[in-house]
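Asks: Residue strings, one per chain:
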Amino acid sequence: MRSTLARAGLLMPLTLFLVFFLVIPFLNIVILSFYTYSPTSIWIPKLTIENYRQLVEGSFITVLLRTLWLGLICTVICVVFGYPLAYFLARAEPRVKSVGLFLLLMPLMVSAVIRTFGWLVILGRNGLVNNMFHAIGFDRVGLLYHEPAVIVGLTNVFIPFMVLPLMASIERISPSTEEAARNLGASWFDVFRRVIIPLSSPGLISGCLLVYSAAISAFIVPALMGGARVQVLGRLIYDLLLISYQWPLASAITTLLVVATGVLISVALAVTRHSAKQEVSR
Amino acid sequence: MKRDQPKLLKPFVILTYVLLLAPLVVIVAVSLSASPNYEFPPSSLSLRWYEAFFSNREFVRSFFQVSLVLGLGAAIISAVLGTLAAIGIVRLQFKGREALEAFFLAPLFIPEILFGAALYLIYARLGLRPSMLTLLCGHIVICTPFVIRNVTAGLVGLDARLEEAAMSLGAGRAQAFVKVALPLIQSSILSAFIFAFIISFSDINLALFISGPNSTTLPVYIFNLLLFEGDPSVAAASTIQIVIVGLLIWTVQRIFKARVG
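Chain order of the listed sequences is E and X. Mapping to the working numbering: the first sequence position 40 is 62, numbers consecutive. Mapping to the working numbering: the second sequence position 181 is 219, numbers consecutive.
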């Protein structure tokens with residue numbers, strides 16, 4: 023009796039809040055995605071799979087493939103830059119580590135708009151990079167509004183998502199394992215390939231999935247750095263909702279992305295849990 | 039203890055940090071430059087863009103009357119809801135506890151742009167006009183997972199015997215919790231509160247969809263100016279945000295250190 027009361031008081035408020043403001047909005051999206059589009063009244067409650075059928079058409083496939091491709095490149099670059107940083111932080115002494123974490127968390131917590139703004143200044147026509155080119159005699163070039171600019175922006179925004187899980191994984195590897203390999207004559211490259219990567223693979227996998235799922239639904243970076251050319255899923259949803267009012271189609275795309283993200287994240291969580299269990303049983 | 043490390047590690051890590059921090063450094067520099075052309079490095083310094091920022095009424099409104107108020111509101115409400123839920127999850131035994139915890143943490147994993155779209159559509163369908171309140175509800179959803187994580191971690195690390203001792207001395211269960219456990223997890227709740235504030239204060243993805251003409255947050259205002267190439271007062275506004283967020287994270291780190299050491 024007492025515990026029922028406690029349960030009601032402690033868990034009910036948030037549960038109800040999330041049902042209203044999280045579950046119902048997403049159910050609404052799924053329902054809307056099966057409604058019929060109407061140019062005059064936005065949608066009419068007649069069930070159809072037309073919206074999903076449009077998702078296999080050429081123009082959408084182009085955007086989809088571009089988004090998935092950009093996400094992949096961004097993830098790979100995050101691995102390349104993230105591994106050394108994660109290793110460094112995992113093995114750093116406490117003082118260095120706390121400064122390092124501060125410098126990693128700060129950009130993560132500052133609004134994505136502001137970080138992207140910084141890149142606009144750096145890569146713009148009269149920006150830092152172009153000024154340097156100009157000073158050594160090159161012509162000014164348009165660095166923005168192409169895919170590479172978007173990749174730079176995405177990588178920069180999402181790299182902490184890679185570093186944090188990787189760091190946690192590397193911390194669990196005992197330094198003596200590395201030392202043993204080194205003493206037996208392994209080069210750093212070998213240590214990295216044969217010891218660190220295999221033993222930190224859970225962190226690597228969850229880092230990759232986190233970065234990838236964030237990158238394929240990014241909006242701010244492609245909107246500000248991609249110009250009109252680099253259309254991606256996140257922008258497409260925004261445009262369809264707020265500019266052309268094709269709500270049912272936008273709902274279908276959102277549903278697709280929610281399902282994709284759900285799958286990616288459950289895999290990431292399962293991997294983390296599996297490795298935690300193995301550690302306990304060891 | 040000095041251990042051997044690959045020689046290239048340090049230079050590479052420094053390069054990574056330079057790339058990570060470059061955008062922020064450039065913005066701070068531009069905001070202090072006298073030139074109106076986003077000049078970097080600045081040739082002369084001035085505070086004119088800060089003056090321009092503070093004399094722009096809409097800008098100041100979006101900062102003080104929208105973003106700051108919203109951040110505080112979201113932090114307070116999500117700290118209360120999240121703390122209650124965390125206590126329930128750690129202290130109550132019931133079936134489906136793990137599933138409920140996963141449900142509470144779910145907003146952490148849903149890309150905000152999708153959640154923004156979902157809220158936009160449900161509000162539109164229910165005929166609710168975008169306002170501070172509609173945005174506040176969205177922010178509470180994305181802030182509470184951070185509170186739950188923080189407070190759960192604090193509660194799990196707590197020695198249950200402390201409360202048992204209080205109870206054996208005659209305190210009721212609730213009284214023992216409030217008088218013994220609550221003071222001990224204060225710092226967890228405080229850092230959760232600060233994190234929640236930052237999340238709301240920096241959010242753009244939800245605000246883009248569901249902020250109305252009277253609830254334009256600072257990030258949305260900056261975003262709109264960037265689309266139409268505003269003057270460096272955007273950089274001044276951004277710098278103020280960078281400083282606030284930096285100070286808050288530094289505070290959280292202090293709190294943690296005080297707790298551990």
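Just so you know, these hints were derived from the structure itself, not from any lab. Check before you lean on any hint, since a few could be wrong.
Selected chain X positions facing chain E (in silico; Cβ < 10 Å) [as the list claims (entries may be wrong)]:
1) L46
2) V51
3) V68
4) A72
5) L85
6) Y88
7) F92
8) S93
9) F102
10) R129
11) L157
12) I160
13) S169
14) C175
15) Q224
16) L265
Note that this is a predicted model, so its numbers are computed, not measured. By construction, the Cβ of each residue, glycine as well, lies at the ideal position given by its N, Cα and C atoms.
Asks: Now, for every hint given, state plainly whether the structure supports it.
Replies: Hints, verified against the model:
1. L46: The hint holds - L46(X) has a Cβ within 10 Å of chain E, the shortest such distance being about 8 Å.
2. V51: 5 Å, holds
3. V68: 6 Å, holds
4. A72: 16 Å, violated
5. L85: 19 Å, violated
6. Y88: 16 Å, violated
7. F92: 18 Å, violated
8. S93: Result: violated, 21 Å to nearest chain E Cβ.
9. F102: 17 Å, violated
10. R129: Interface hint status for R129(X): holds (8 Å vs cutoff 10 Å).
11. L157: 5 Å, holds
12. I160: 4 Å, holds
13. S169: 14 Å, violated
14. C175: 5 Å, holds
15. Q224: Hint on Q224(X): violated, closest Cβ of chain E at ~18 Å, above 10 Å.
16. L265: Holds: closest Cβ of chain E sits about 7 Å from L265(X), inside 10 Å.
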